[in-house]
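Please model the complete structure; the sequences and the hints are all you need to start from.
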Amino acid sequence: MAKKRQDGGLDDLGRFSEPALLILISLAAGPKHGYAITADIESLSGAKLGPGTLYGALSRLEARGLVEPLPPQKRRRPYRISAAGARVLRARLDGLALLARAGQRRLVHP
Amino acid sequence: MKARALVRLYPRAWRERYGEEFAELVASQKLGPRMWLDIVFGALDARLAPQPQVAAPAKGAAGGRIMQALRSGCAAPAASRAEQIRLALWIAAVIVGIALFYVWLKRTVGDNVWIEALGNSVVSFGAIAYMQLLLRQYRLRTRVAFTAVMLVAVYLIGLFAAWT
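If you read the protein sequences in the order shown, they are chains W and F. For the first sequence, the numbering used here assigns the number 1 to the initial residue and increments by one for each residue that follows. For the second sequence, the numbering used here assigns the number 1001 to the initial residue and increments by one for each residue that follows.
Incorrect hints may appear among the rest.
Taking lysine to aspartate or glutamate pairs in the DMTMM-like style, the calculated list, with each CA pair at most 20 angstroms apart, reads [stated by the list, open to error]:
| no. | chain 1 | residue 1 | chain 2 | residue 2 |
| --- | --- | --- | --- | --- |
| 1 | W | 48 | F | 1038 |
| 2 | W | 48 | F | 1024 |
| 3 | F | 1030 | W | 40 |
| 4 | F | 1030 | F | 1020 |
| 5 | W | 74 | F | 1020 |
| 6 | W | 74 | F | 1016 |
| 7 | W | 48 | W | 18 |
| 8 | F | 1106 | F | 1116 |
| 9 | W | 74 | F | 1024 |
| 10 | F | 1030 | W | 42 |
Below, a sample of chain F positions facing chain W; criterion: calculated Cβ distance under 7 angstroms [claimed, not checked]:
| no. | residue |
| --- | --- |
| 11 | 1038 |
| 12 | 1039 |
| 13 | 1042 |
| 14 | 1053 |
The set of hints was computed from the structure by calculation and includes no laboratory data. Using N, Cα and C, we set each Cβ at its ideal position, and we do this for glycine too.
Okay, here's the thing in structure tokens:
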């Protein structure tokens, strides 16, 4: 049986789990507002997050204390990754790296 | 449609928290069909599964109360997995129980419109069983009255169908 991931933060987000991961990765490079997050994610992964998906994921991340809103600049509010968010992101990326290495090993030695 | 109008699809508490920045983001993008769908689904999500920071419904707003009642029965954060399984078993038990009772009556008493009406109403009784979860935040008296009215109404419709 596959071992259940225990990074405590993204697993229960359902369809917002992947957008939330991409947002955390984007914010790991520094605070950004909505438009900058979408542009950054598009350049990183090729995925274009719609506004509904972006704010669905952002509101969940904010509710879990994984991102923090900063004071608005004009009509745009930047967000930054919190310490808890950085821990969750690190755990998730470590898990993905393990999975990627295992997959690559199997491709070489099936 | 302007970005401001699209923001109005979202609940008031959500708009107060995210409305400005959301409208700014929508205004900066080209609105294709995919974007439209994304915004509509986002609004549905914000209404059915509001996050704690935007969960407070407007006081006295009928829409707010209805959505709160729906959430109490439908939305994942309000109904745990165990509750959802209990609900599914409860509805299945009601439908199977009444269907078996209908078959038993038919075999022992024989065909008549009263029994046929019961058979016509089996699935609707399952829906009434589901309503128990939607109404669980209300007083027992209200729930009993509502359920009784619904049972009678459904049975009368089943009776009408059996007669015609």
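Against the structure, the hints come out as follows:
1. 48(W) with 1038(F): 11 angstroms, holds
2. 48(W) with 1024(F): 17 angstroms, holds
3. 1030(F) with 40(W): Holds, because 17 angstroms separates the two Cα atoms, which is no more than 20 angstroms.
4. 1030(F) with 1020(F): Holds. Residue 1030(F) to residue 1020(F) sits at ~18 angstroms (cutoff 20 angstroms).
5. 74(W) with 1020(F): 10 angstroms, holds
6. 74(W) with 1016(F): 16 angstroms, holds
7. 48(W) with 18(W): Measuring from Cα to Cα gives roughly 12 angstroms; hence the hint holds.
8. 1106(F) with 1116(F): 8 angstroms, holds
9. 74(W) with 1024(F): Holds, because 10 angstroms separates the two Cα atoms, which is no more than 20 angstroms.
10. 1030(F) with 42(W): 15 angstroms, holds
11. 1038: Cβ of residue 1038(F) sits 3 angstroms from chain W, so the hint holds.
12. 1039: With a minimum Cβ separation of about 5 angstroms from chain W (threshold 7 angstroms), the hint on residue 1039(F) holds.
13. 1042: 2 angstroms, holds
14. 1053: It holds, given that the least Cβ distance between residue 1053(F) and chain W is near 6 angstroms, below 7 angstroms.
When held up to the earlier numbered hints, the structure conflicts with none and fits them all.
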